[in-house]
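Visitor: I would like the entire structure built from these sequences, with the hints used as guidance.
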Amino acid sequence: MTATIDAGTRRVTTAKAISEGIAQEMRANPDVFVMGEDVGPYGGIFGSTGGLFEEFGSTRIIDTPISETGFIGAGIGAAVEGLRPVVELMFVDFFGVCFDQIYNHMAKIHYESGGNVKVPMVLMTAVGGGYSDAAQHSQCLWATFAHMPGMKIVVPSNPYDAKGLMISAIRDDNPVVFMFHKGVMGLPWMAKNPRSIGPVPEEEYTVPIGKAAIAHEGSDVTVVSLSISVQHCLDVAEELEGTTSVEVIDLRSLVPLDREAILSSVAKTGKLVIVDEDYKSFGLSGEIVATIADTDPSMLKAPVERVCYPDVPVPYARVLEYEALPTRDKIKAAIAKVTA
Amino acid sequence: MSETISFPEMSNDPDAEGVVATWFANTGETVKAGQVIAEVMVDKVSVDVEAPIAGTITCLVEEEGTAKQGQEIARID
Amino acid sequence: MVDNDTRVDFYRQMVRIRAYEAALQANYHADKTPQWDIGAGLIPGEMHLAAGQEPVAVGLCANLGKDDAITGPHRPHHLALAKGVDINKMTAEIYGRDTGLCHGKGGHMHLFDPEQHFSCSGIIAEGMPVAVGQALAFSRKGTDNIAVAVAGEGAANQGAFHEALNLASMWKLPVVFIIEDNDWAISVARDTATPIKDGSLRGTAYGMPSQRVEGNDVEMIYEACKTAVERARAGGGPTLLEIHTVRMWGHFEGDAQAYRGDELGEANERDPIPAYEKRLLSAGLLTEEQAAQIKAEAEAEVQAAIDFATSSPEPKPSDAYLHVFA
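Sequence lines, in order, name chains R, G and B. Sequential numbering from 2 applies to the first sequence in our numbering. Sequential numbering from 8 applies to the second sequence in our numbering. Sequential numbering from 621 applies to the third sequence in our numbering.
It cannot be assumed that every hint is accurate.
With a straight-line cut-off of 25 Å between C-alpha atoms, the simulated SDA-like cross-links for lysine to any residue are [claimed, not checked]:
| # | chain 1 | residue 1 | chain 2 | residue 2 |
| --- | --- | --- | --- | --- |
| 1 | R | K338 | B | Y941 |
| 2 | G | K51 | B | E873 |
| 3 | B | K936 | R | E324 |
Hint data in this document are derived by calculation from the structure and do not stem from the laboratory.
Guide: Quick look at the structure:
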C-alpha cells in the first residue's frame, strides 16, 4: 500500500529510510532478523542498520565474522526454514568471495525444487563510486546479478522508494537483492546530492517491485536511469526546463524490469538516452535497447545514447575516475545529441 | 513561545568546531516536537538533533556550514 | 639473538614507518574541512593506517630479500616500507599522481611493486591464494625465494584463508602465512568472531608448523619469522604465524571508534615504539640525541616523499582508458 506525502511529512536520509523500513518489519514480524559485518553497534558501514542494534539487540542484529560464503549461506538456510533474514554484503564488489551461495543457491533453490521450497531472503549491499574508493570498492554490478535468473533486484534512488522497496523486499517470498548506492544514502561524510534527503512517511508502506516511476515528465526525450544517476538526470532535466522537455524514468527495479514503462515513454518521445553507472558493455543499457529492438525499432527517431561507465576498472585518482563516471555534463551532451 | 536549538556538546574539546551536515527541515516549515531536524558532526562523530517543541523553524546556519558547540543553529516559533 | 646494530636498525625502521603513517594521517584530514568528505582533498578515498603494527613489518622483512614476495592487505604501508618499496613512488601513488607506482590507477590499497614482488589487495584474505601461487612459481623455478601472505585475524574466517593453507600444506610450498591479530575487524572484536583463542591451531589443522606470538615485540617477531622463512627456503613447506599486535588508530581514517570504549586508550598505551626505545636507551644502545636524530631524519624523508608526490603531475584524464589490456 502507498502512503501520502504532504507538506508536513518529515525528511530523512536514504540510510535512515532503509533502517526504518527494516525496523518496522522487525517489530511486526519476529521472523525478520539482520546479519552482516558491522551491522550491530556500528549501524552498518553505510548506515543501513542505524539504530537497529539498540532496539533489537544482538540476537536479531548479528555481527558476523568475515565469512560471506558462511553467513550468506546461513541466511539461505534460515530462509528455507521459514525465517526472513536480511543479510548485508558490505560492498557488492565482495560478491566474488560468495557468489556461489548467491547465484547457485539463493537464486536457484526455488526453481530446482519445482516451487516446493522458498527462500524469502533480502540480500542488501552497497554499490557505486565517485569518492576514490578504486577498482575493488566502487562497482555497481547490478547487470551481473540481473543476468542470473532467480533473484529480484531493486535499486532505489531516493529515501521514499528506499523504505518502500525494503518493506516490499522483506515481505516478498523470493530472494531480493537490495542495492543501495553509497552516494544516495545522505551520509554526512560523503558529498551528497540534496535528493538523498527526502520526505518519508512515518507509517509503513510499500513500493511495488518491478514498477518503474516517471520521475520527471517530458516529451522531447526519454532518459532511462537508476540509482544515483536518476539524481543527476533530474538535475539536468530541471536545468533544461524551457529548452528541452526531458522525461526521466527511474527504473527502481531491475528484476523484474518494467519494460512497459520504457516502451511507452520511447513510443511517446522517439528519443532514448540511458544513464547507467554500471559497465557499458554486456549489461543493462544493452538490455534496454534490445527491449526496443525486439518490440518496434521504428519507434526510435535517432540512435540511442548510452551514458554508461566505460569498460575499464575504476581508477583511483579523482581526475581518472571522473573521466569515466556518467556525469551531468555527459548526460546533457547526450540529450543534446539525440534531440539535435 | 519560542525556543532556540544549540549545536550539541559532543566533543571532549569544547572549542572543537562542528558542521551542520544536513538540514531535514527548511526555514519556514512546520516541525513536530521530537522530529529530527538536522544531522551534525564533530570529529567524524555525527548525531541527530531533534526539535524540542512544535512550531515553525528558522535555520540559522547554512547546510555544511561550521558552528561551535553551544552555538545557536535554529529557532522554533 | 639479534645483534646490537640490528636492534638500532629495527628501531630506525619502526620510527620511519610511524613518521610516514602520522604524516599521511595529518595530510589526509587537513584538506577535508570544514565538512569531512571522504572523496575530498589531495588524498581522497579510504585510508587504513598501521600505527602499532610496525614490529610485524620490520621483524618479518628483516628476513626477506628483494626477490621474496609479499601479498598484503588493505592496511599495507608498514609492509611496503619495510620490504623496500620506493617511498617516493608509493607516496605518489597514494596521492594519485602519474609518477606513482601504478600511475594513479590503484591508490593506497592497490600498491604494486614488481621489483620488490610486493602487492596488496582490498579484498580480505584474497591475497593468500596469490602468495601460494607465487610460492609455486618460485619452487618450480628452483630458486630459494619464498612468498609471504599477510592478513588480519578477521581474514582467518574467510574461505580463501582455509583453501590457501590447505593447498600450501598439501603441495609443501615455500610460503609463510602471517596473521596480524590486532583484535578488531573494523568494529567486530576478535573474540566475537573467532571461537578459538589461539589461531595457530588452524595451521596445525592444515598440517603445518604454527605459532602464536604475543607481545608485539619486534625481536621476538623477527625470531619467529626467521624460523618460518628458513624452513620455507630449505624446502620444509609453509608455516602459520599468528602475531598479536595492536591497532592504535581507527580501522580507517574517519572511524570514530565509539565501539572501542576504554580499550582504545588502553591500546594506545601499548605503543610498541616508545617501549622499544626505552629498552634500547637503558641498554645503552641509543642516546636521547640519537633517538631525536633518527626521528628527524625519518620525518625529513617522509616529507621529501610527500613533496615529490604533491609536485608530481596528475595523470591525463584519458589515461583512465589505458592498461585494460596489455
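Visitor: All hints are to be evaluated individually against the structure, with a verdict given for each.
Guide: Here is how each hint holds up against the structure:
1. R:K338 - B:Y941: 23 Å, holds
2. G:K51 - B:E873: Within the cut-off at roughly 9 Å; holds.
3. B:K936 - R:E324: 9 Å, holds
The structure shown violates none of the earlier numbered hints.
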